[in-house]
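Colleague: Sequence:
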Amino acid sequence: MSDHSNQSLTPREMVRAHAYPVLGAVSTLSLLTIALLQIPQAVKAHRYNRCVDAQIKLRQSSGLQGQNGPGKLIYLKAVQHCEGL
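Letter by letter, the sequence shown follows residues 1 to 85 in the working numbering.
Please note that the accuracy of each hint is not assured.
[Said to hold, decoys possible] Derived DEER-like restraints, expressed as beta-carbon distance ranges:
no.: 1; residue 1: Arg-12; residue 2: Lys-44; range: 45 to 53 angstroms
no.: 2; residue 1: Leu-73; residue 2: Ala-45; range: 22 to 30 angstroms
no.: 3; residue 1: Lys-72; residue 2: Gln-41; range: 24 to 32 angstroms
no.: 4; residue 1: Tyr-48; residue 2: Ala-17; range: 46 to 54 angstroms
no.: 5; residue 1: Val-26; residue 2: Tyr-48; range: 28 to 36 angstroms
no.: 6; residue 1: Ala-17; residue 2: Gly-84; range: 55 to 63 angstroms
no.: 7; residue 1: Thr-33; residue 2: Glu-83; range: 26 to 34 angstroms
no.: 8; residue 1: Leu-32; residue 2: Leu-73; range: 38 to 46 angstroms
no.: 9; residue 1: Lys-72; residue 2: Leu-31; range: 39 to 47 angstroms
no.: 10; residue 1: Ala-17; residue 2: Ala-45; range: 38 to 46 angstroms
no.: 11; residue 1: Gln-60; residue 2: Thr-33; range: 37 to 45 angstroms
no.: 12; residue 1: Arg-50; residue 2: Lys-72; range: 17 to 25 angstroms
no.: 13; residue 1: Glu-83; residue 2: Leu-31; range: 29 to 37 angstroms
no.: 14; residue 1: Val-15; residue 2: Arg-50; range: 48 to 56 angstroms
Hints were generated in silico from the structure; no laboratory data involved. For each residue, glycine too, the CB sits at the ideal point set by N, CA and C.
Let the hints inform the model, and build the full structure from the sequences given.
Modeller: What follows is the structure in structure tokens.
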């Protein structure tokens with residue numbers, strides 16, 4: 001803004017001069033806030049997946065035959081346990 005060093009800016013020129021940096025800062029803060037708000041959900045999903053995996057390993061150790069895929073009894077019982085049902 002060196003070309004305006006000796007003159008005062010009108011309100012319209014002030015808005016035009018500062019709109020881009022202000023909108024950029026608002027956008028950056030919005031993205032950071034959204035990212036921070038996603039952390040608890042990601043932690044919950046990670047813990048849920050670990051619980052299901054641990055339950056499947058525990059239930060497979062009992063030696064049931066033909067129960068090694070999604071939709072099978074071991075998987076369904078593991079999901080039921082981790083959901084607290």
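Colleague: So, for every hint listed, does it hold in this structure?
Modeller: Comparing the hints with the structure gives:
Between Arg-12 and Lys-44 the beta carbons are some 49 angstroms apart, a value that agrees with the proposed interval 45 to 53 angstroms. The supplied range of 22 to 30 angstroms is met by Leu-73 and Ala-45, whose beta-carbon atoms lie about 24 angstroms from each other. The hinted window of 24 to 32 angstroms between Lys-72 and Gln-41 holds, with their beta carbons roughly 28 angstroms apart. For the hinted restraint 46 to 54 angstroms between Tyr-48 and Ala-17, the CB-CB distance of approximately 50 angstroms keeps it satisfied.
Separated by about 34 angstroms at the C-beta atoms, Val-26 and Tyr-48 satisfy the suggested range of 28 to 36 angstroms. Range check, Ala-17 to Gly-84: Cβ separation about 57 angstroms, and the 55 to 63 angstroms hint holds. Distance hint check for Thr-33 and Glu-83: the Cβ-Cβ separation is about 29 angstroms, which falls inside the suggested range of 26 to 34 angstroms. With their beta carbons about 44 angstroms apart, Leu-32 and Leu-73 fall inside the hinted range of 38 to 46 angstroms.
Between Lys-72 and Leu-31 the beta carbon distance is about 41 angstroms. The supplied range of 39 to 47 angstroms therefore holds. Range check, Ala-17 to Ala-45: Cβ separation about 45 angstroms, and the 38 to 46 angstroms hint holds. Between Gln-60 and Thr-33 the CB atoms are about 42 angstroms apart, so this pair conforms to the stated range of 37 to 45 angstroms. Between Arg-50 and Lys-72, the C-beta spacing of about 20 angstroms keeps the proposed range 17 to 25 angstroms intact.
Our hint of 29 to 37 angstroms for Glu-83 and Leu-31 holds, since their Cβ atoms are close to 32 angstroms apart. Our hint of 48 to 56 angstroms for Val-15 and Arg-50 holds, since their Cβ atoms are close to 52 angstroms apart.
Checked against the numbered hints given earlier, this structure breaks none of them.
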